[in-house]
Each structure stands twice: as structure tokens, then as C-alpha cells.
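Student: Going line by line, the protein sequences match chains P and V. Going by the working numbering, 31 is the number at position 31 of the first sequence; the sequence numbering is gapless. Going by the working numbering, 82 is the number at position 82 of the second sequence; the sequence numbering is gapless.
Just so you know, the hints here were simulated from the structure itself, not pulled from any lab data. A quick note: this is a predicted structure, and the numbers were derived from the prediction, not measured. Treat the hints with care, as some may be off.
[Said to hold, decoys possible] Label-pair restraints from in silico Cβ distances: (1) P:T121 - V:R279: 56 to 62 Å; (2) V:D44 - P:G225: 57 to 63 Å; (3) V:E200 - P:V292: 51 to 57 Å; (4) V:I211 - P:G225: 39 to 45 Å; (5) V:R148 - P:V102: 33 to 39 Å.
We treat Cβ as the ideally placed atom computed from N, Cα and C, and that holds for glycine.
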Amino acid sequence: MADSRETNRDQAIIVDRGYRHYDGTRTGRRGAVRAIVKEGFRRVMGFRRKAKRKLLPWTLITVAVASVVILVAITWATSQTPAEELTDLVPRYRGYFDFISVVALLFAAYAGAQLLIPDRTDGVLNVYFSRPLAVRDYLIGKTLAYATVILSFWLVPQLLLHLGLAALSREGFLSYLGQTTDILWQVPLAALAYFVLHASLSFLTASFINRVGAAAAAFLIGSLGLNLVALFFQEAADDTTGSRWAALLATEQHPRYVRDWIFGVHDSADWIPAQAGFGPGISLAVIVGLAVVSAALIGWRYRRLT
Amino acid sequence: MRSRESGLVTEPGTGPEAGAPIIETGGLYKHYGNIRALEDVNLDIHPGVTGLIGANGAGKTTLIRLVLGLIRPTYGQISVFGTPVAEDPAGLRERIGYMPENKCLPLDQTAADFVAYAAELGGIPPVEARRRASETLFLVGLHEERFRYLGDFSTGMQQRVKLAQSIVHDPELVLLDEPASGLDPAGRDQMLELIARFREFGMNVLFSSHILDDIERTCDWVVMLDAGRLIHSAPLDPPGEGDRLAVEVYGDPRPLVEALTRQGVSPTLDGTVVTVVTRSEDAFTVMRDALESSGSSVRRLGTSLRRLEDVLVAAARKANG
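Turn these sequences into a full structure, and let the hints steer you where they fit.
Tutor: Below, the structure is given as C-alpha cells:
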């Protein structure tokens, strides 16, 4: 046995595996865009990264899911009390958007910065644009990756909330689901309004700032700070046209106003644009306008980079 | 034609292969405002390993970016594999690999993940991309380290990953921009050996460097740019000359010349350098016998003592009048 092993050792050779050519099909630009979406999703979520890169996104996701658990628990607790009408005061689908608005804003800021900035600062754009990709393809891939993570962030907890409320419903699970079919289009549409605004602003800041933390901070300051500016003009209201138009600077409030519109809530007087006399259609136009301007600026910036 | 058979390629290659140019430029100009990056470049780059040499700012990177279709020429034409770059830049890039000079690695990813991602970006389906990433990292000597994060790699290892990402999608042409920069001598040797092996794989290489030794060691053909102008494009060793040997001797070279003449060869004398070119005999044997009979002492010996540096300096002088 030992002799046999010795013989085998003597005969062992190092085999050069050489290089294998690839003759299969190629996926082209679509495959490249799919790869960007998949890799973008992993990057934001911290998959295949060190543990410290998972910390922030998963903390925020945990808070979002925990919020649902808390809402469902409160709903159950109030339904057990004699004052059952308290259940109506617990935030539901529309209210959930406000319930986790700060957490969602942080997640949006982090995701936008994480998707665009490391590619620039690590020089990876050199690799992207040596492949069959145009700037447009790259930005489309990143936007789709952003849509995947942001819409998941909104919709997965909303789905859990929906199932939780259905489970608690006195009418029965299936009956509740049947009675609330409107939710199936209202929630995704409202989430889309948030996504478009957040994608525009976070990609815009991430395109021009080279530090993830600084870009995320600029996005948060831009979103919340402009609200304060709009509020300032409103407080100092004289009836001049300028101060009225300043209400449109309250970017963070536009998706909320549009969301109320989608949910058929007409008592939206709390929103700064509403107080200035603008309808929700104007808020929607502001969101779309911001998206168009941001896309143009981001495209210009990346064409210059390449 | 270049061989691209499937399966493992283990047989050594035979050097530059004849065939149509892989890159052709005609009256190529690239201006950035008032800066003239390239001026009237007319160039054919044939299959094989081609060195692109020039000082910083000579236009090497601009030429590479034009080949990739990342920028458009101000005037003139550039074709790759016979197709004008402007016609289908994305389609051509599927057949090209590029190793940038500067950093291009996401430091928070593992080598295996990044190289597989680079393969997917190059059009390889995901499962095959992972397999090829593993094989390519093996080829560049990083198989054991493939699951380590790139941020934990040394400069030499990062250069190897950059090289791996440039070939993982099986390109026909690889553009290497200063691939050995930042490496220590041992790392430089390993990198150049790897690049020299690309011939075996049937890959064509355009290798940009400002280090002449690297070009001499690796390339079949050299192209020199100076201030955006093409001043030299020729093979490193002119073919069809026969067996060549040059010797620089200490002291008087005439006894050696006479000894060689007695052996029936016609040496050329340039200062103290004696060169012989033989058609039917081994030049080394002829020279050895002549050195023995003349009693001359060798100072330097090689196939050509006229180094690439001399050739390029002469070309630059000629171009500048």
C-alpha cells in the first residue's frame, strides 16, 4: 500500500489547465443590464459582503418589519378592549407610509449612494464601459436595482400588514382580502410615487458627491431641509405669488399628498402644497418634473465621466 | 487566422500570425479643445502581441479609448476586426477585454464575485460566468485566494485580478494599459510571463507601456506614439534575416572581423560591435570559433545590441526632423 502511494507520488505532475474558450451564446446588453440589477441588489443589501456592510440596511429593514408587527399587535390589542373604535385610530396602509417615513428616507438615501458612488470612487466604471454597455444601459440597470430594493422595502412590510390585518379580521381572512382589493393597486402606486421622488433626488446627489455618507446626508438635508424652507415662506406668508410657489419646494411632502390622492383622502390640508392651494396633480407634476430634470443631469454627468 | 478552438489550449503558440489587421486607423485625429491628443495616425495593428509605447501624454490611452468606442475621433476612421468602431461600439466591446491602468476593483467584493460579474457584463450567462471566473483566477495564480475580499489583496494580486477580468469573457483582443505598473520586479516578471502566454490562448494583445524592457520581452510588434503622432510601427525582430548574433568586444575588433571573414561570413562593424547574419549555419557557433581564434574578449552579446531604445530614439529624431 505504502509502495503504491510512493509510486503515485512519483508519477504526479502539475497539469496546466490552460485557457478555455467560450463558444456558447452571449447575453448582450440585456444580460449586462440584468447583471447590474442583480449586483446592485446585493450591494445595497450587503449580500456577499463583510458583516459590517449588512448592518445598516438590515437594521432599517428590521425596523420596518418590526413596525408592522407592532401595528398588527396594537390592532389586535385594541380589538380586545371594550373601546373597539380605537382600532380605527391605528395606522393602516396609508398611515404606514408615514409611520416609517424617516426609516424609509434613510434607506432610500443609503441605497442611492451605495449604488452609484463606489463604482466611481473605486474606478469600476472603467470595467463597465469596456463591456457592451452604454451609459444609458448602466443607469437603467442601477435604476432598476434601486426600484427592486426600494419597492421591496415598501411593499413587503405592507404585504405582511395586509396578511396580519386579514388574520385579525372578524369577517374572516379570505373575506377581508376580498373586501380590500383596492389596496392591491393603491399601495403599489403610492410606493411608486415615493420611489420616483427618492430615486431622482438620491441619484442626483450620489452623482455629484463622492462619499456615500455625504451624499446620503445631502439627500436627507435636501428632502427635509426644503420642507423647512417651504414652511418658512408659508409662515411668513404675505400673499405674493413667490411665497405661494415656494410651497412646491417641500419635495418630501409631494409623494404624501399624491398618496392621499391615490387613497381617495380629500382632507389633506396638512400638506404644505395643499395649504398653498395646489392640487395633488401639481404635486405629481413636480415629482415627474424632478425625475426628468434629474435624469438629464445624471445622464450629462455620466457622459462626461466616460 | 487566429485559432479559437473550444476546449483547453495547452499547446504553445507559434507567435504572431498572419492575417488582416485587427485594428486599422486612417487619418485619425482626436482633439480635446486646443489639446491635440492624436494627430493624423495611420496605423495597422496585426494579430499577435503589440506594444504601444510613448511617454505620458503621448496619446496611448486616447488610442485605447478610441478602440473601445468610448470616445469618437475628431476626424478620421478607426476599425476593429474590420468593423468601423462607430458602427457598433457595444458589439465590438463584447470581443474586447480591457485592463485599465488605474484602479478598477470594488474593494468590498471577493475576487470570484467580481470576476464572475465582469464575465456577466461581457455577455456570459451567470452559471458559466462563475465557472469561467474560477478558471481564470486559477490561470492568473489566485485560485486559493478567490474568496478573499479585494480590499485585502496586495497590489500585485489586484493587478492579477484586473488582468483576469479583462480575459474572463474570452475576448479576441485584450487592451492592457500599463499592466505592470506598481509591481515589484518579481511581480513584474510574473505579469509579463502571463501576458506572453496570451499568444498560446489565441488572444491578440495591445499592450501599452512606457517601459521599453517590458515591450521588448513581451511583444512581437512595437508602435510608438510621441505627442499624439505615430513615429514608429514595426516588428521587434525583422523576419527573414536569418540567424543573427552581435558581439561587442573589449579593445580592437578587427581581429574578430578577420577571423569571421576567414570562416566565410561577412560581418558588419559598428564601433566595437561586430554583427554576423548566417543563412545556413548557427551564428553562435561561427562567432564562438572566431572569438577563440582571434583571442577577442566579449563585453556584450545578443541577437541585436541595437536596443529598442536606440530604434525609438532614432525614429523620434527622424520624425522631429
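Student: Now tell me if each hint is right for this structure.
Tutor: Going down the list of hints, with the structure as the test:
1. Restraint check, P:T121 to V:R279: a C-beta distance of roughly 60 Å satisfies the suggested window 56 to 62 Å.
2. Look at V:D44 against P:G225: about 59 Å separates their beta carbons, and that is inside 57 to 63 Å.
3. Range check, V:E200 to P:V292: about 52 Å between beta-carbon atoms, so the 51 to 57 Å window is met.
4. The supplied range of 39 to 45 Å is broken by V:I211 and P:G225, whose beta-carbon atoms lie about 52 Å from each other.
5. Taking the beta carbon of each, V:R148 and P:V102 are about 37 Å apart, inside 33 to 39 Å as hinted.
Hint 4 alone, counting from the list given before, is not met by this structure.
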